[in-house]
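In case you want the letters, here they are:
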Amino acid sequence: MLNLFKNKKKDVNSDVNNEMLSNDELPYSNEYPNEQVMFEVKNFNFYYDKKSKLALKDINLEIFKNKVTAFIGPSGCGKSTLLRCFDRMNELIQDSSYDGQILYKNKEIHSFNTIELRSKVGMVFQQPNPFPMSIYNNVSYGPKCQGLKDKKELDKIVLNSLKDVGLYDEVSDRLNISGSSLSGGQQQRLCIARCIAMSPDVILMDEPTSALDPIATQKIEELIKKLKEKYTIIIVTHNMQQAARISDYTAFFMLGELVEFNKTEEFFARPKNKKSEDYITGKFS
Amino acid sequence: MSKNKNNNKKSISLSDIVSRNIKNRRFKDYFTNGITSIFSFLCVLILALVIGYVLVEGSPYLTTNFITTNYAQSSVTLKTENDFVLGENRDYSDLMRYEDTVYSDKWGIGIKSKKDNDQNDIYYISEISVNSPFNNEMIRADDRTIFQVTPDFYINYLTVRTEEGTYVTVFGNDDGGAEAIISTLDQGIAIQDSDFKTLGGGIRSSLITTVILILFTIVFSLPLGVGGAIYLAYYAKNNRLTRILRSLVDMSSGIPSIIFGLVGAAIFIPIMSSMTGAVGGNVITGSLTLTLILLPTIVKTVEESIKAINPSLIQGSLALGASNFQTIFKIIIPNSLDGILNAAILSIGRAIGESAALVFAMGTLITATPSLTSSNTSLAVHIWYILSGEHPAYGQACAISIMILCVVLVLSIISKVIPILLNRRKKKGAKQNVKPIQK
Ligand SMILES: Nc1ncnc2c1ncn2[C@@H]1O[C@H](COP(=O)(O)OP(=O)(O)OP(=O)(O)O)[C@@H](O)[C@H]1O
Ligand SMILES: [Mg+2]
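Residue numbers (numbering that gives the first Met the number 0), protein chains in the order written: chain A, 0 to 284; chain U, 0 to 438.
These are calculated hints, taken from the structure and not from any lab test. The reader is advised that the hints may include incorrect statements.
To be verified - Some chain U residues close to chain A (C-beta under 7 Å, calculated; not the full set): (1) 315; (2) 320; (3) 322.
Cβ atoms here follow ideal geometry from the backbone N, Cα and C, with glycine treated the same way.
Could you build the full structure based on these sequences and the hints that come with them?
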């Protein structure tokens, strides 16, 4: 059962005034000295069903600023679970729990409250889920929830977000038609625009193209390549070609464990791990 | 060969059995079909009989009078102070002359007949000249204040004093009708005694009370019910306590309403009277009791429609940094509008139809003025009241029933139309007044 409003772990010290690091001040990675660390996952375990099901085992991982990181691996290996940990959406699931740490900008994610965290870490779902309201209201939903009321400012945000995802030219004259009357690919781009409207640091994408046809998929892939200039992107995908095409780093998971993390070219050209090699060469899926 | 024959024989007999069976089965089919059609026909017949009876019995009573007058009669006793030399010295030329009205040129009035709520003929003064004694020279017998007779009052009796000093009385239900009344009046020079009454037996205050009851019931029950549904659907942990709560909610929809009425009367009436000093039941305690009765149904109806919302919409909203509160008001409530409206319709229907619980919780005293702090009756309790007397007024009860049935019919039509309308709105796209933004 989905317990949509439970954030069971209390925000540890959310009353401590949170001075977030600006994106330039982020620490550099030890392993990849050129990269700045946006997320750092440390000894992270995640359980479903009152600790009876271990979904993630001792994950250690860094997510780098303005890079696309792809999560790949066989079905049920825990890619989505880890992705949902970054914006604490997992805590809505009853009887789930975790131990270990995830640092966002060098701070434990539980030191932010969920509203603050989720306005900085956006999420795009597998199935396009535009709200049953107008395109304009879909895109302005997030900023409005944060209390932005100025019509001109909202107009600007909507305009820019729609332009960024390349939807503006397609819908500029019908911003008040319902979001759900768009095509699947357009809907997914609308959902990305909705995310961008919050000007987040990170965009989490869970198989964003799996419900789309090849042309719509290609559009989204191009969009992702463009978006990484401004945003840090984590994308879960089943499609290895897609991971190879659009990502800078690839993390390969199996049975809840991180098997290999590497630069994407390295990973596909010279996998360090036997299991990765088998997976890439299609020995299992 | 012989085997073959045998086989043949067997197959023939088999097909025989089959065909016999088919006949048999067909007969059974006819039988069950026949029974079902007879029963459904009976059901429809009974329904038609009930509605037909109500319509036939009630429709003559369903008049504007019936709806606009109060149940209780008020009466006034009037007389004139002076003697009059009437006729020549008064100018009654302002009287309009209608054909169905009988006029007295001596008194300057016109008398007309109409039906009261029991379908009897009654007579009232429909026309009064400005110069008529009835205009501003009639005084109340008790406090001697001037009383203006209006068409709302009908004539119970009139006693006039003649020039010879004798008294002549005519009753409003005299066989001679308006002519008899006028001819009696014209013999007199003064009105010694008279009694005027307003029509009674109407449902005006019960009708108003019903509307108030509906409003209060919705105001109390909808927010509570929607809140409860959201709590059960999204906040409550799926543990034993929640399950017990849920089955209690389910169970309580089977409790007879009269028990709720009892509880409502025992709890709400003392609380109300300690707060406002009101004695006995009233509309507020009635609607609170109805809220008790309705909550389980509302919670269930709304929860069903909340559960039908695609959870990814709610997740999408939360993932955008919306708070729970914003998600409830921007996503959950707009998307479960059909359930909420249905719950509202259920509430209205129940508030109109419920009588047993309200007899205790609201009272049975039909008053002239609807009030929040004293006993009043809804239409259903009104029926209960007028049927429980020595002379049950079936006609009026049927007339009220027609009104209730009409409302119920309209409500069920609305509840059918709502999903269609909501769907159409969704298809059209939530049309909000959003102007396209300039480049
Ligand atoms: N809500 C849940 N309750 C219990 N177990 C769950 C829940 N969600 C996922 N799991 C389990 O956790 C494991 C990881 O699931 P997850 O959805 O993260 O896999 P995934 O890698 O995203 O798979 P896919 O590629 O099929 O989407 C699976 O074994 C799954 O059965
Ligand atoms: Mg998944």
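To see whether the hints hold, each was checked on the structure:
no.	hint	in the structure
1	315	holds, 5 Å
2	320	holds, 3 Å
3	322	holds, 6 Å
Of the numbered hints stated above, none is contradicted by the structure.
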